[in-house]
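K.L.:
Using the sequences provided together with the hints, build the complete structure.
There are 2 protein chains.
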Amino acid sequence: MRTVLASPPFPVETARVKIELINTGSELLLGRVLNTHQQWLCRRLSDLGYSVDRQVAVPDTGADIQQGVREALGRADLVIVTGGLGPTSDDITRDLIAQLLGKKLILDKAVFAEIKRFFAERKRPMPANNDVQAMVPEGATVLPNPFGTAPGLAIPVSPNPYRPGGPKAWLVMLPGPPRELRPMFDATVRPLVLREFPLAEAFVCRTLRTSGVGESALQERVAPPLAALVAAGLEIGYCARVGQVDVRLIARGPNAAQVVSDAEVVVQRLLGEFVYGFDDDDMAGVIVRLLTSKQQTLALAESCTGGHIANQITNVSGASAVFPGAYVTYSNAAKQSNLGVKAETLAAHGAVSAEVAREMAEGARVRLGADYALAVTGIAGPTGGTREKPVGTVFIALTSATGTEVQQKLNAYEREAFKQVTTQQALEMLRRKLVG
Amino acid sequence: MRTVLASPPFPVETARVKIELINTGSELLLGRVLNTHQQWLCRRLSDLGYSVDRQVAVPDTGADIQQGVREALGRADLVIVTGGLGPTSDDITRDLIAQLLGKKLILDKAVFAEIKRFFAERKRPMPANNDVQAMVPEGATVLPNPFGTAPGLAIPVSPNPYRPGGPKAWLVMLPGPPRELRPMFDATVRPLVLREFPLAEAFVCRTLRTSGVGESALQERVAPPLAALVAAGLEIGYCARVGQVDVRLIARGPNAAQVVSDAEVVVQRLLGEFVYGFDDDDMAGVIVRLLTSKQQTLALAESCTGGHIANQITNVSGASAVFPGAYVTYSNAAKQSNLGVKAETLAAHGAVSAEVAREMAEGARVRLGADYALAVTGIAGPTGGTREKPVGTVFIALTSATGTEVQQKLNAYEREAFKQVTTQQALEMLRRKLVG
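So the protein sequences, as listed, match chains A and B. Quick note on numbering: the first sequence equals residues 1 to 436 in the working numbering. Quick note on numbering: the second sequence equals residues 1 to 436 in the working numbering.
These aren't lab readings, by the way, just hints derived from the structure by calculation. Check each hint, because a few of them may be wrong.
[Stated by the list, open to error] Label-pair restraints from in silico Cβ distances:
1) B:Thr402 / A:Lys109: 36 to 42 angstroms
2) B:Lys109 / A:Ala348: 46 to 52 angstroms
3) A:Gln258 / B:His349: 54 to 60 angstroms
The structure presented is a predicted model; accordingly, all values stated were derived computationally and were not measured. Think of the CB as a built atom: it goes at the ideal place given N, C-alpha and C, for glycine as much as any other residue.
P.N.:
Laid out in structure tokens, this is it:
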């Protein structure tokens with residue numbers, strides 16, 4: 001049986017304004033923090049119809065930040081700089097950029113009043129160094145920050161000294177904390193981009209997300225039938241991620257929507273059963289959507305995934321309507337007392353076995369009164385493997401009113417990747433049941 | 001009371017070889033995937049005593065990849081390129097770099113045999129396009145890939161055409177999938193770096209991780225007493241992350257260890273009670289370590305965090321010795337049946353209340369026979385808030401043989417940040433109890 005998902009309308013994008021992103025912060029280059037701004041900003045811009053041409057991370061030193069901004073202004077129409085706007089001494093981006101553009105910094109009284117209000121509302125004294133955040137380069141637009149003290153700044157660069165004869169550019173500076181940067185982008189940068197850089201050439205991008213097929217097997221199946229469309233301008237991208245492969249179909253120009261639509265028909269015909277979603281879908285979101293539309297519920301019993309599946313499901317807004325709860329049963333005692341797994345089953349087959357997975361799932365389903373239950377038990381490693389059951393062995397059980405099925409997998413990855421792959425496989429097992 | 005953690009020995013690092021990192025992949029610039037290579041590689045190099053000077057992400061197009069590599073070779077001694085080595089048509093990095101360096105690609109028979117063996121072992125047919133992965137630029141060292149088919153490559157660049165008169169450079173190419181890249185780096189790139197770029201000047205970096213104090217309040221307390229050490233060469237970095245602030249102390253040269261050690265004494269004296277760990281510690285790892293040393297156990301009852309706390313705890317290898325399990329009780333029925341929360345308590349106070357948090361914690365502790373239990377109940381949003389209990393309201397209960405305490409917080413962040421902040425607060429509450 002082959003199930004093909006109906007695909008949503010294309011996000012029609014348009015492009016060719018040159019955009020570069022500069023993430024400042026020595027902690028990024030020391031590997032102390034993960035750079036989540038890159039993905040978030042790139043995706044937001046791509047959803048609006050733009051694409052980022054280059055992203056750079058530089059340390060918090062004057063020379064590196066100025067060199068990065070100079071180079072970016074030499075190529076791009078829009079340069080977005082993140083970080084270094086806070087109140088502490090390594091927050092030097094504002095000063096460096098004003099200097100680079102030859103603009104004076106002026107105390108903005110409205111911004112200063114906002115910062116004072118921020119501290120007053122939270123009944124905290126305002127540390128003295130916070131006033132530097134109210135210094136604004138002349139000619140800049142202040143981007144308000146409802147979730148913090150450092151406002152963002154948008155500076156028109158015209159003439160652009162680093163691209164003589166080039167068009168007017170914009171330099172946008174955003175604060176480093178994601179919970180400040182994200183709402184600020186949506187409220188102020190998004191309208192600025194749409195106003196200053198209206199879309200020109202059509203650009204269509206469709207991502208089909210697959211689960212259960214390898215990257216090169218996938219390409220072998222779809223590439224030859226897509227060759228004619230590639231000649232007509234289709235770009236195909238393959239991206240192998242943990243437990244899944246994305247196929248990205250891109251076209252530009254007046255026929256873009258038709259080219260991508262034709263390509264999608266081909267991919268769906270050849271690989272439809274593996275396609276679990278589109279574009280920004282993730283597996284947990286697809287599961288919550290399917291359960292919601294069927295008004296059914298899911299319970300979980302997790303051993304080796306340790307709450308990872310429940311966490312993925314509850315990251316989806318609206319999960320509460322379809323998810324009564326989960327048992328994370330790491331110990332054998334918890335498997336017995338919480339889920340009713342029998343002592344004899346544990347003794348006869350071991351905690352990592354098809355039989356225990358089955359009893360875990362059935363126990364969770366009954367005890368939480370759910371339509372479906374998934375259970376996983378396995379060896380996440382790095383220790384605990386045996387010759388018969390090496391590290392990475394996992395049993396996944398799915399139960400419903402019509403019975404229980406169990407799959408065995410070997411996911412020999414490090415601990416966190418093991419959890420991710422196992423979660424993807426368990427949810428894919430349920431997805432096939434739900435659409436079957 | 002003030003508790004000061006004993007700090008571990010310094011990771012003494014040394015630096016000044018120039019290193020640049022280039023991440024290739026259009027999916028990075030479309031925001032379709034998160035770039036985890038940057039943090040991982042930067043941290044690994046920093047742990048070895050090196051620091052990365054710049055990181056760049058470029059799309060999968062010939063011009064962008066070649067321009068990125070040319071610019072990096074113009075500045076750096078070691079250039080690490082990730083991605084684009086796979087078998088599919090957008091995997092073009094190998095060809096582009098060979099072309100850029102004027103080197104021929106030659107079929108490496110040993111690599112080809114390895115690829116064939118990889119498929120044979122897994123009893124999968126070898127797709128025809130896989131042979132491109134056995135093409136090796138002349139003079140390159142092959143970096144074996146035990147976890148995939150695309151080997152890595154290390155190419156000596158001497159003379160370096162993009163830095164005339166400069167020293168010999170190395171160009172290292174690594175495959176994109178993290179589960180292939182990471183073991184390959186440790187097995188082959190690490191020894192290459194240590195051999196080719198022996199350490200020169202001492203470089204000491206200490207990160208103190210704090211929880212419960214704001215970024216500018218923190219700087220206000222430590223910056224003035226550290227001024228003399230800054231004059232002696234100390235660099236201080238502050239990094240605000242979700243629910244915590246890191247203080248990074250760096251020094252270089254012969255006195256580096258002394259300068260950083262003196263600075264750390266000052267920070268510990270002023271902020272010691274907020275310091276939960278050092279360098280790569282995370283809160284869950286600290287909690288598992290503390291519980292392990294005391295031979296005590298922790299149970300969890302999670303409502304609004306939906307398994308996030310359990311997932312963090314079980315990401316730590318060795319968690320099974322201290323963590324019997326967790327209840328994720330999203331529905332009121334699950335809170336009653338799984339944890340023994342009373343119907344009257346739910347009716348009188350609502351599911352998001354101090355009283356329910358207390359009963360959840362006490363129920364989880366008794367039912368899992370643990371020394372401690374943490375429970376959280378709150379409103380993650382985006383909907384469900386009221387005037388008395390706005391979105392972000394959360395109650396955290398900690399119970400042990402000596403009684404139960406409950407804290408109320410307002411974490412008005414988007415859903416995933418809400419879970420992270422709440423997890424950090426709950427574990428910090430337990431940490432203070434464990435070290436108290």
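K.L.:
Hint by hint, note whether the structure agrees.
P.N.:
Now the hints, each set against the structure:
1. B:Thr402 / A:Lys109: 36 to 42 angstroms: The hint (36 to 42 angstroms, Cβ to Cβ) is violated, given that Thr402 (chain B) and Lys109 (chain A) are roughly 53 angstroms apart.
2. B:Lys109 / A:Ala348: 46 to 52 angstroms: holds, 50 angstroms
3. A:Gln258 / B:His349: 54 to 60 angstroms: Once the Cβ atoms are compared, 59 angstroms apart, the range 54 to 60 angstroms for His349 (chain B) and Gln258 (chain A) holds.
The structure does not agree with numbered hint 1 stated previously, though it agrees with all others.
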